[in-house]
Amino acid sequence: MTKVLMEGSHAIAEAAIQAGCRFYAGYPITPSTEILEYMSHRLPQVGGVCMNAESELEAINMVWGAAGCGVRAMIASTGQGISLMQESFAELANAEIPCVIVNMMRGQGDYFQATRGGGHGDYRHLVLAPHTVQEAVDLVMLAFHVADRWRNPALVLGDFVLGHTSEAVEFRPRDESDLPPKTWAATGKGSRASLNVTPLGSPEKLDLKPGDHYQAIAAKLPRIAAAETRAETGLLDDAEVAVVAFGSPARFVKYAVHACRAQGMKVGWVRPISLWPFPAEAVAAAAGRVRALAVFEQNAGQMIDDVRLAVLGKVPVVPIGGISHDPSGFGVGPALAPANIIAKIAEVYRGKAAA
Amino acid sequence: MSTPELKKVSAKPDLLLSTHHSLCPGCGEPLALRVILELLAELGVAERTICVCGIGCYTAFPGIIDVDVLQALHGRAPSVATGAKRVLPDRFVFTLQGDGDMVSEGLQEIIHSAARGEKFTAVLLNNGVFGETGGHMTSTSVLGQRTKTTMDTGRVAEKHGYPIKIADLIAQVDGSTYVARGAMHTPAAIAWTKRILGEAFRVQLEGEGFSFVEVLTMCPTDWYVEPSETPDWIERNFTGTYPLKILKHP
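From first to last, the protein sequence lines are chains P and D.
Going letter by letter, the first sequence gives residues 1 to 355 in the working numbering.
Going letter by letter, the second sequence gives residues 1 to 250 in the working numbering.
Possibly wrong hints are sitting among the right ones.
[Stated by the list, open to error] Facing chain P, according to a computed beta carbon distance under 8 Å, are these residues of chain D, among others:
1) Glu47
2) Ile50
3) Arg76
4) Ser79
5) Ala81
6) Gly83
7) Ala84
8) Arg86
9) Val87
10) Arg91
11) Ser104
12) His112
13) Leu244
14) Ile246
15) Lys248
16) His249
Simulated from the structure, these hints should not be mistaken for laboratory data.
Glycine included, each C-beta is placed from N, C-alpha and C at the ideal position.
Just chain P, with the same shape it has in the complex:
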């Protein structure tokens, strides 16, 4: 495999194409716009369609139409735009239409939005949070796979650091194993076996039972959780404190942990890769080894709720992150600086930080 130097946003777009994505719709919004730009010239080269939609609502519903016909389709935006699409995410999950959503966050303030969703009803979508450009490539390809496997939208949660970082990446072959055929797709089956792809289900004709359909969707979620939970851990064997972090900031945290080790502090990390399903077992296992968990996230404290649920009070869970934007709201703020993270970890290590 040849490695190529690519900006994160472009690598995400190219990964989607390598995964077989042939429809993209987007509405420009910083910092996701580069994905739309890349798709606008690259998708037609492979026989795909890129729509510069007139709104976020139109974009996600164009994706609905393409994906409902069985074509791999993707959309990208940032938190504000993703907010506008939530109704469709909820109904796509209920209609069991697979697609990939990319949220290039401004910071990490969209954790709740991504993992709880702003849509209505009982639904979940997979959330994958890469911390490097290579992992973004791999997780975008995985997102298409698991979306098709479970007939459910999958969300890749990146951020502006990831999107604007250039790294050498390689594109691995597309995995097509264990995927069911898309017999449900609306492609014009006529009287042979006409289909309905609706949020009320794809029922037998004249036998619409939404209650049964919602039950079946709910029953699918634990099966997804059992199969698709992912996390990475490091330096936990003798650790006294573990730091929990996801996405780009986790890369800063890893650096800080190594720096703490160099100063003699026994520190490790847990990095949730899937945010839903949340890797509660990995976090709980880490908690069983240490005297405190420190949670670094670039927001006012959102994932920490899931960490605390995983730990169930067995050890202190200490927030060491915070809203870390520069005054413009678009750039990196001081909380993300490695020196700050190292100092915060050291406070927890010395037992001085409050849980």
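For this one, chain P is given, so just place chain D on it according to the hints.
Leaving out everything else, chain D in the frame of chain P:
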């Protein structure tokens, strides 16, 4: 003089799976649906048709028509149809929406789809009320029309604004190719509507661009009139604001 023999043409169109449905007695939508299904059969396109249904009374349709259906959210059918037609350009794609769905909630989507010249056919069944929610004012309720939210005075321009003549708007958009308005209230109107729907479908089949048909339909439940009086109601209340005509053709 002998009495002409009455001939029963057919009990139902072949593409209608059942005559059981959840629409109200006297509703105009089943008539419009019948005309559409007859045309799909006559044009021989049922096998490659994708219908994108809106929300409202239209949630009754996916289970009873024998073509593939994508159910879209309120207002969004034109966007969903855009995605479908763009990835499967050889399929016959049409949308079916009500006035609350298309003109109130989804005005942006239908205008932009027309402007982009999307090569599907959009069908509006206009009865001037939110039918499924129980008869509230929509963007096409005509002046003077009594609805659940304009009960005392009927629609008054100073208070409720003016109805949007969506077909006229669509006809003004450069990307639209064929725009016409029909109705379901008399045999002649139904025959006319079948003709313009057929024209709209042919525009799509020949790849000529975006085609749009508005069909005035009856809603006796939410108009608070007897079903037998609905044809007269359309004539008196709707056709002045919404005259039956071809507004644009290739």
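(message) When the structure is checked against the list of hints, which entries are broken? Sort them ascending.
(response) Those not satisfied are hints 11, 13, 14, 15, 16.
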